[in-house]
Amino acid sequence: MERETYLNAGYGLKSWLLTRDHKRIGLLYLFTITLFFFIGGAFATLIRMELMTPQGGLVSSETYNKLFTMHGVAMIFFFLIPSIPATLGNFFLPMMIGARDLAFPRINLLSWYLLVVGGLFALFAMLAGGVDTGWTFYTPYSTTYSNSWVIATALGIFVAGFSSILTGLNFIVTVHRMRAPGMTWFRLPLFVWANYATALIQVLGTPVLAVTIVLVFCERVFHIGIFDPALGGDPVLFQHLFWFYSHPAVYIMVLPAMGVISELVSTFSRKPVFGYKIVAFSSMAIAVLGFLVWGHHLFVSTQSVYAGLVFSFLSYFVAIPSAIKVFNWTATLYKGSISFATPMLYAFGFIGLFTIGGLTGLFVASLGIDVHVTDTYFVVAHFHYIMVGGTIMAYLGGLHFWWPKMTGRMYPELWARLSALVIFLGFNLTFFPQFILGYLGMPRRYHVYPPEFQVLHVMSTAGASILAVGYLMPMVYLIWSLRYGKPAPANPWGATGLEWKTASPPPLHNFDETPVVEHEVYDYSAVVGEGI
Amino acid sequence: MLFLVAVATFFTLGIFAAIFYFAIRYRRRSATELPVAQHGAMVLEIVWTVIPFALTMVMFGWGAEIFLRESHAPKDALQVFVVAKQWMWKLQHTEGKREINELHIPVGRAVRLTMTSEDVIHSFFVPAFRTKQDVVPGKYSTTWFKPTKAGKYHLFCAEYCGTRHSGMTGWIYVMEPQDYANWMRGGAPSESLADDGARLFKELACANCHKADNTGRCPSLAGVYGSTVKLTTGETVTADEAYIRESILQPNAKIVAGYPPAMPTFQGLVTEEGMLQLVEYIRSLGGKPAAGGAH
Amino acid sequence: MAGHPQTETLALREQFNTEAQQKDAATLGMWIFLITEIMFFGGLFLAYTVYRRWYADTFAVASSSLNVYLGAANTVVLLCSSLTMVLAVRAAQLGKRRALVMFLILTLVLGGVFLGVKAYEWNQKFVEHHIPGPNFHFEGAAQQGPAQLFFSLYFAMTGLHALHMVIGAGLLLMLIVQAGRGRYTAAYMTPVDVVGLYWHFVDIIWIFLFPLLYLIDRHLGR
Amino acid sequence: MTEHIDSAKTYVWVFAALIGLTVLTTAVSFVDLGNFSVVAALAIAVAKMLLVALFFMHVRRSTQLTRLVLVGALVWLGILLAMTLTDFATRGTGGMAGGVAESAGGLLH
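Residue numbers (my numbering), protein chains in the order written: chain A, 280 to 811; chain B, 3 to 297; chain C, 9 to 230; chain D, 1271 to 1379.
To be clear, the hints were calculated from the coordinates, so they are not data collected in a lab.
Be aware that a few hints might be false.
[Stated by the list, open to error] Output of the computed footprint for chain C on chain A, the stretches with three or more beta carbons under 8 Å from beta carbons of chain C:
hint, stretch
1, 369-380
2, 483-489
3, 496-508
4, 579-589
Note that beta-carbon positions come from the ideal geometry of N, C-alpha and C, so glycine has one too.
Assemble the whole structure, with the sequences as input and the hints as a guide.
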């Protein structure tokens, strides 16, 4: 007789769409954000194809502007922000602390529905004709001048924002109130710490975005003047409000990724993360300091010189905890027992790309250099290194790591390693030339450009095609593995987290008995011999 | 820049090398091996916190120094006025010469731009001069540069401004002083910016009240530019471009002490270009130079 | 499966081990929700602060056109509703069902009075052309733009506050129905407690809106 | 967990204080205190907020965590206001980007 798991506990659409099981909701998110990833990816493909030639023959400039806007909106609000917390976090955070579910399962389902409704608004805007304001919605262009579907898109982001807020709220309460006996704060896996820090940002930052969108909405519909210079409003105030959320939002995207990497590096070196407490606190430090630096997006925006100095100064502070993490991960490898399984390859890729992304962040935080490189491809390359090279590498690494637990199936290892390699190479070829482009002065969001930039653009496009193949590969073999993959044991990697103490796939209520935690975190002596 | 590149390269290569070395040196040799758990070392943590922090502070100080230097234009800088609109740059020299999407300037002289926008936010970006400044509707922003080599350089709009954002480009022509003088003389004779402003001043009947000999109902404008003005509220302001602009658009916002709030608003009657001409005219009437942060 | 009940009872949901844990989680959840509300209104407070600094005189004049007595009366109404709400929570703690229902109804009625007065004030603004938009006109100020900014902020702030009141009223209605059915006992009254927190929070927002919009610089405006 | 239940009398006293403060703040607004009138109005509002939070919302008897949440939220609100004002309060000083004074109005229409 088949064992009862969360997957076979109910069949039919209703058992999924009305589920309150965090694991099933995690899979619903996985499905939704994958869809948006490929929608955003399709826009990216068109952008890169367009940029192969300087004179811009493939699409009109109007279309091009819509493409990069919708690429940004789809990727940031509907893929990256929910990516790791809402899929892997939703699925594993309760399991890792030994809980049966999140504190508020119905709110959890509600937040998935909010993401879907927000996504539908955004999709509607895309299909109805698109939006051309850039994902940043700078006023007064977005409020007065743009003739595209600004309101539908903004509403979509507004609704999706509440999805993010409710997920964060759920995580915070869950971590505080639902830990299993013996699961003290300093026995929490670093993935939980990272998601907890992320949840704080979601809860504190997202409402400010929400009210900003409300004001943009009122401005566009009723002309209330808050951001309109004609009535004495200040467009730069919008930028302050927007970046108060959107800079910390970068950490919403990358902190959970750092959490995944901590798990991977530890598991595949069979050593506790070097400086566990420091790494845990650095997540919290990033969450706090991340709120103090948004003005570095405004160095040339007519912000005051004094404010520029303050924000630049503080920006360097947030670099330190990130650097500490990288050093600690590297130190974890020292004298470890290092396996080259696919998730670890992704983790190596993450550390490398994040290092480059982070260090180029020091360039843009420097006032003198930022004046030259801001709003150029240098910035484009910088944040793609963090968000694509960082977050997506970690997301894929985590997805491979936990795939056996989620589905009960192993993926084909050889294909998976190949895809990790292809993605790493394709990524660097796509985005490294963009650093040079930006330094040479190529402005971002340009549909046509001077011919001297063409060589680097062609390199970037070539890299993007490799990257696209790299992203399609996991899509294919992971789906393939659902049916043909080898059945997965409970703990295929010899990992220490509580999620590995239960069967793969987990039973409906995660654990047959509420687990009691007796070991310190990342104690590999307790699992020696497990794994394949 | 070089320092940053060096630091970045050093850390990137260092981390890459460490990862590669550790990954190969300590690769898993048996399925059941259990390495000794190391939980951390405080000394090491402090070292790799303090050293990067010190390095970043050097970066901060150095970047800030450049930024501060760039935020004060030299006093003898040439004045150029810029009005941005979707999707073109309109530039005017103090001598009155107008240009569209082109700017001719002499080599070796600092040039100060006073910029505003008629519609959305734009950004004046000349990669070769390492300069970029957003141009925001409703206010003046300024930047300056000093070209050191004659040639032809790209001008870009760097802040996304709508459909033809990527077409909002132009050229900066940096000329030898002699060529520049010739260029300035050539073409249709043009009135200087201040003359344009003087004409506008008359057309708008400003002179009816603002009489030069200070006998009008309103303060004389001679010598006002750059001076410190006492207001009815007891506060003082520096009569810079922004104050003059505000006084034309919203005369009653800041009234000079001793005068009645008699002036009507000229909002909607003066274009952004006209505004710059008026400001330049008032500047030409004398007064302390307020240029470049002489506040 | 040991350790948790197979079927959910009304009082204890399956993901929790004890009722205390469930109550703690609900209370903490509401407090965290209130943080998000503080930040949400924070954006408006920021816009208010910035523009009030820039246009202090115009804001003073525009602020003085609001009816301070109606504003103060409404503040009192809202404080009364907070009192009845806290007494409702107390009744629930003591397990007094009839008192609970009565205080909840009183709170709802007072909330309705507040919204009624607010609607009257808004209607006045409409009559006076103080609604931001193309027909906006404010006689008292030299600067129409900044005067409109004040009223934009006034409507944004009081409008969003009123929206929160409406949501609160909906929650109260739900509580009244459930309390009438005897759903809440001294042992299980978390929903009453949590809605109470929300209601008091909305009260606190008004406690700040009242001076910021009606009172500050009133003496300058006349 | 046993709960402490406040007496109705406590609540009525707090309510009376709140009404008193409302009357006070309204009255004070008619008096010209210069810049101090802003301080007075906000100080009274803060006092009222504390009364509501401590008594009606039971922060007085709540856990450390709830207090941390509340204080944290106020600190974050402070960050939003203070850090934005580092820009707005210092425009027009110290250099050119500052030459961009808060000149109001425009000529769009």
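Here's how the hints hold up against the structure:
no.: 1; hint: 369-380; result: holds (count 3)
no.: 2; hint: 483-489; result: holds (count 6)
no.: 3; hint: 496-508; result: holds (count 6)
no.: 4; hint: 579-589; result: violated (count 0)
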